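S.K.: The primary structure of each chain is shown beneath.
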Amino acid sequence: MNGIDTAETGAAVTVTRSRHALTAAGTAAAVVVLAALLGPLVAPASPTAQVGLPFDVPSAAHPLGTDAVGRDVLSRLLHGGRAVVLLAAGATLLASVVGVTLGVLSGLAGRRPGEFVVRVVDVVAVIPGLLVLLVLAAGFPGSDTAILVGVGLVSLPFSVRVMRSATRQVAVRGFVDAARARGDSRWRIVRHDILPNVTGTMLAEAGIRFSAAVHLTATAGFLGLGAGPPTANWGRMVNENTAGIALTVWPVLAPALLLVTFTVSVNLLADDLAARWADR
Amino acid sequence: MARTFNRRLLLRTGAAAVAATAGLPLLTACSNDDAPAGGTSDTAPSPRPGGTLRAAFVGGGAAETLNFLMGPTGLDYVRARCLHGALGVLDPAAEHGVRYGVLERIDVSDDLTTYTVKVRPGVTFTDGTTLTARDVLYSLNAPVTLGSLPFLKPPSQNFDLARATVTDDLTLTLPTQRPIADGRLVLCQSTLVFKDGTTRFTPDMPTCGPFRLAEFEPGQGASFTRHDDYYGLALGTGPYLDALELRTIPDATARTNALTGGQVDFVSDIGPVAARTIEGDGRFTLAVSELPYATSLSFGLNLSFAPLSDVRVRQAVKYAIDREAIVRNVFFGRAFVGNDLSSLGFGDYADEIEQRPYDPDRARALLAEAAVGKITVAVSTAPEVAGMAETATVVVENLKQVGIEATLDQRPTGQLFSDFPAYVKLPFAASYTPPVPPLSSYAATRTAGSPSTFGFNRPDIDDLVGQARGATDPSGRRDAAVRAQRLIWEEGNQVIPVFAPSINAHTPAVHGVRDEPFTSFEQAYLA
Amino acid sequence: MNHAALAALAVRRTAAAGLVLVALSVLIFAATEVLPGDAAGTLAGADATEAEREQLRRDLGLDTDPARRYIDWAAAAIRGDLGTGYVGRREVVEVLADRLPNSLVLTTLAMAVAIPVAAAIGLVAGLRAGRRADRAVSTATLVAVGVPEFLVAALLIAVFAAGLGLLPEVSLVPLGGRPWDSPEVLVLPVAALAVAATAAAGRLLRASVADIAATPYVEAARLRGVTGVRLALRHVLPNAAGPAVQVVAVMFAGLVGGAVVVETLFNYPGIGYELQQAVANRDVPMVQGITLAMSATTLTVLLLGDIAHLLLNPALRGRA
Chain Y
1 MNGIDTAETG AAVTVTRSRH ALTAAGTAAA VVVLAALLGP LVAPASPTAQ
51 VGLPFDVPSA AHPLGTDAVG RDVLSRLLHG GRAVVLLAAG ATLLASVVGV
101 TLGVLSGLAG RRPGEFVVRV VDVVAVIPGL LVLLVLAAGF PGSDTAILVG
151 VGLVSLPFSV RVMRSATRQV AVRGFVDAAR ARGDSRWRIV RHDILPNVTG
201 TMLAEAGIRF SAAVHLTATA GFLGLGAGPP TANWGRMVNE NTAGIALTVW
251 PVLAPALLLV TFTVSVNLLA DDLAARWADR
Chain F
281 MARTFNRRLL LRTGAAAVAA TAGLPLLTAC SNDDAPAGGT SDTAPSPRPG
331 GTLRAAFVGG GAAETLNFLM GPTGLDYVRA RCLHGALGVL DPAAEHGVRY
381 GVLERIDVSD DLTTYTVKVR PGVTFTDGTT LTARDVLYSL NAPVTLGSLP
431 FLKPPSQNFD LARATVTDDL TLTLPTQRPI ADGRLVLCQS TLVFKDGTTR
481 FTPDMPTCGP FRLAEFEPGQ GASFTRHDDY YGLALGTGPY LDALELRTIP
531 DATARTNALT GGQVDFVSDI GPVAARTIEG DGRFTLAVSE LPYATSLSFG
581 LNLSFAPLSD VRVRQAVKYA IDREAIVRNV FFGRAFVGND LSSLGFGDYA
631 DEIEQRPYDP DRARALLAEA AVGKITVAVS TAPEVAGMAE TATVVVENLK
681 QVGIEATLDQ RPTGQLFSDF PAYVKLPFAA SYTPPVPPLS SYAATRTAGS
731 PSTFGFNRPD IDDLVGQARG ATDPSGRRDA AVRAQRLIWE EGNQVIPVFA
781 PSINAHTPAV HGVRDEPFTS FEQAYLA
Chain A
808 MNHAALAALA VRRTAAAGLV LVALSVLIFA ATEVLPGDAA GTLAGADATE
858 AEREQLRRDL GLDTDPARRY IDWAAAAIRG DLGTGYVGRR EVVEVLADRL
908 PNSLVLTTLA MAVAIPVAAA IGLVAGLRAG RRADRAVSTA TLVAVGVPEF
958 LVAALLIAVF AAGLGLLPEV SLVPLGGRPW DSPEVLVLPV AALAVAATAA
1008 AGRLLRASVA DIAATPYVEA ARLRGVTGVR LALRHVLPNA AGPAVQVVAV
1058 MFAGLVGGAV VVETLFNYPG IGYELQQAVA NRDVPMVQGI TLAMSATTLT
1108 VLLLGDIAHL LLNPALRGRA
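Protein chains in written order, with the working numbering: chain Y, 1 to 280; chain F, 281 to 807; chain A, 808 to 1127.
It cannot be assumed that every hint is accurate.
[As the list claims (entries may be wrong)] As a list, the in silico SDA-like pairs of lysine to any residue whose alpha-carbon atoms are at most 25 Å apart:
1) F:K475 with F:G402
2) F:K475 with F:M485
3) F:K654 with Y:A49
4) F:K475 with F:T412
5) F:K398 with F:T445
6) F:K680 with Y:A43
7) F:K654 with Y:P230
8) F:K475 with F:R458
9) F:K680 with Y:V51
10) F:K680 with Y:P141
11) F:K680 with Y:A49
12) F:K654 with Y:T231
13) F:K680 with Y:V120
14) F:K680 with Y:G52
15) F:K433 with F:N737
16) F:K398 with F:V446
Just so you know, these hints were derived from the structure itself, not from any lab.
Note that the structure is predicted; figures quoted are calculated from it, not measured.
From just these sequences and the hints, can you work out the full model?
M.R.: Written as structure tokens, this is what we have:
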């Protein structure tokens, strides 16, 4: 569908931002990623153990208080990032690998086979990403893998399109024809002539996809898709602790702040990356 | 299912009591009114007719139907109780423990084998016809002929309905299966009446309850108007309300928010967390029930799941659970520690049996002794009532601490019991039971062969319960009842760690809503 | 390009959309019923006997060939029969007929709010591309796009419902009525949906406007002294209409997804809430029917956007 063309170009029209803003965004994103990845190693308590009264206000023992079942909010926070960050990263990686493969091959193929590939992957792109996740979650309840595959699937059409058009732009430059004339194999052409020239586009594209993936995985967590309770997950923490918001805001506010910080900073960085790449 | 229906039974029982009250000349009703509710016992203004009361309940989501015989949620019974007349309600304070509704009285033969039921004259349906003994008999049979949840089946289990005779329009004679002294409780606990020959529960069916149906949208709610020919009105009692709306709001937070946002006047089962929030808010009133009106939260240990067939493993599970912590951490102290026996606070409850302690070491020792190897089990639950899912969360942690590989299988509200045959196959399943007396409810749901037993099959205990119920002297009843409960305590497959009172909240204008233990609006008014 | 050619193109696009829908129906069916394997195993419980499983498989019709089952399902769907949900034995089609209008009202209102605001944002920022106003708007929309809908909704609830007590936090619809019978229940859900939609559409429109603003035609108008609102409305907006229609179509698709979250949060009786419940309940026929209907709705809107785009853009017509 043509709608996707518009959606794709939207992010590429650039706004230059101050170095400070980018540094802040980069730092924030790095902190969140570190917290998500290393959190489980430093968490003071088990994320599922009851350590006190429910919805207790912050104390020395529990700096962010306790949640709906009296579990340590800080520990759940430190454990709950993996589901968001790793799932989003895995999905983006999946979409990038498959997207680059399909995009480059379809870019080098003739016009008709190339368009055919795009049409096929576009089938998924016409329906809202969350719908894809819900369908998969209905088929595979409680599965984080289904979420990963679903988010990857949602990203795939965009990756394929962008990589295909980047490949075609490279391919029309003389040196691919020259390489062909030299009798280089197709694989050699891909490796030596195409890939080095589309890597930047691929990274910029992956950045945009990653920010969308974070958004989707957080929403999936909030809706209770993927691995079920008592697993900690920032999205679900928001959902399961709203009942106590009048008693203590931290069980909701802390994961919400982390999510917002992460999505916004990743968005800013991805946008900047895309803008820089477009400028070159 | 035992749990499920139990709860319902209890609830129904309560509802029945309410109905009865309505029919009866006032007084009981008034005194009762706020007593179980607690907290609102200050001087209530006198009943005032008129107005529309809007109430919110957990409900069963889109699966709701008007067929309360199969309706698994409290709301199903609350709704049915608005529409249909009840034989009576359980009321420990009333003579024989029962307040009658559409009945005038029940007489018992000296040998405890024949019950004579007298129908109240002049009970009319919404189509103008009059309730007869045939309708009552049909309604007693309906749980079997039309199918029902187990908690509705006690009348057919205790009485030989095939040999029942309709003596005249208002008299019904019921032979018992075996001699029982508590047949009135069985009959009045949860029986609602509808017309002879009813096979489908439709919005336009004739009904004889305090309200008539105006609108019913599954998963959304139902609205009612007063039934102006209701027999209770002639007796000078409710219903007072012009109209009533029962809304389904599964999410506890949203339900409470509907009250604080002024969208409803009464919210059922707000849970301990919201109770703490509302407590400090002068705009609303909390109504917390007292014993015996507390819902038991329990877990059925399925004997067809091999490790749990070993009594030592069952005992280990019981010792592994930190009940005090559940009361403290899940209910903020607003709950009672359970001793793996149902019906805490009722007269036949065996309170002489010592409280089972929290003893994880003993649990580990018992597991080692049983030597059944690694136990991997999913604890299935759903947020059906406040604290139920959280209790299961704690239980899972407790089990892990004694080396059982437990996982939490949390279903959405309304989904745990919706497929009953699947439910009773779960290895470790949460349930809740509304307050019902122990012996008749045991007979209804725990007797060998009942699906809700999770495979528990103890004819010896069944016999003891039968002995207790058939005893003509109190000490004989007590003795057999306690012996049965001790066996259940030692070898049973039901863990009951906690009893939770119902916590409702309402605006100060709401009066006369009863929790018996199912919420009844028959006497409710706005002032 | 003449009308006949345009009509032919519209027919081709429609046929393509139809094919996409067929492909989607296959994917939906496969993901929910074929790939997960033996649903009977899950439903029957861990300790069911093999005979019980067999019986359940037969009862559920799972003992037949998946392709056969798909064809039966699709054929029934074409006849307007999407089957019956497991939960409450409700006809899927009836649920759709009852709930879809409520959701369409929600999304339509959100669009009615989002489109003018997004257009204003797009024009203001796009015409000043690279300047301070643009930077502010772009950053703000980028932030807004990044915040998941459930957090936007939670924030709105905290402020306007729980905090100020101005609006209901629960979308209680009058029994037997529709959400628009008590319009106050629509306000917060619409607002929550509109925030993300406005930000996303605003960014896309800004890009289109910035492109158009850089064209010689607009440059010429500027040199003639046309500025401000007049420049925006007379010279830029008409040229942005083509892309804008598509932005709106894409925005609608986004709103359909957002509606699932927002309806769930507000207990709003729409199709998104039903879908979330159906997924939680593992109610496969309901999930299949609702996602198929939502896909068809989205496809239709995208298709209409596509055709409108063709009609509004002479250059594209030529290309086609």
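S.K.: Could you run down the list of hints and mark each one as holding or not?
M.R.: Hints versus structure:
1. As the CA atoms of K475 (chain F) and G402 (chain F) are separated by approximately 15 Å, the hinted pair is consistent with the 25 Å bound.
2. The suggested pairing of K475 (chain F) with M485 (chain F) holds, with an alpha-carbon distance near 9 Å, which does not exceed 25 Å.
3. Annotation: proposed proximity of K654 (chain F) to A49 (chain Y) holds, straight-line Cα distance about 21 Å (limit 25 Å).
4. Taking the CA atoms of K475 (chain F) and T412 (chain F), the gap is about 9 Å. The hint holds against a cut of 25 Å.
5. A threshold of 25 Å between alpha carbons decides the hint, and for K398 (chain F) with T445 (chain F) the separation of about 12 Å falls inside it, so the pair holds.
6. The hinted pair formed by K680 (chain F) and A43 (chain Y) meets the criterion: a straight-line CA distance of about 19 Å does not exceed 25 Å.
7. Restraint check for K654 (chain F) and P230 (chain Y): the C-alpha separation of about 21 Å stays at or below 25 Å, so the hint holds.
8. For the proposed pair K475 (chain F) and R458 (chain F), the alpha carbon gap of about 28 Å is over 25 Å, so the pair is violated.
9. Between K680 (chain F) and V51 (chain Y), the direct Cα distance comes to roughly 15 Å. Compliance with the 25 Å bound is thereby established for this hinted pair.
10. A C-alpha spacing of about 23 Å is found between K680 (chain F) and P141 (chain Y), which places the hinted pair at or below 25 Å, so the restraint holds.
11. Restraint check for K680 (chain F) and A49 (chain Y): the C-alpha separation of about 10 Å stays at or below 25 Å, so the hint holds.
12. Only pairs whose Cα atoms come within 25 Å are accepted, and K654 (chain F) paired with T231 (chain Y) is accepted, the gap being roughly 22 Å.
13. A hinted pair counts as satisfied when its Cα atoms are at most 25 Å apart, and K680 (chain F) with V120 (chain Y) does not qualify at roughly 48 Å.
14. Of the supplied pair hints, the one linking K680 (chain F) and G52 (chain Y) holds, its CA atoms being roughly 18 Å apart against a limit of 25 Å.
15. At most 25 Å may separate the alpha-carbon atoms for a hinted pair to count; K433 (chain F) and N737 (chain F) meet this at roughly 19 Å.
16. Under the criterion of a C-alpha separation no larger than 25 Å, the hint pairing K398 (chain F) with V446 (chain F) is consistent with the structure, at around 10 Å.
The structure shown violates the earlier hints numbered 8, 13.
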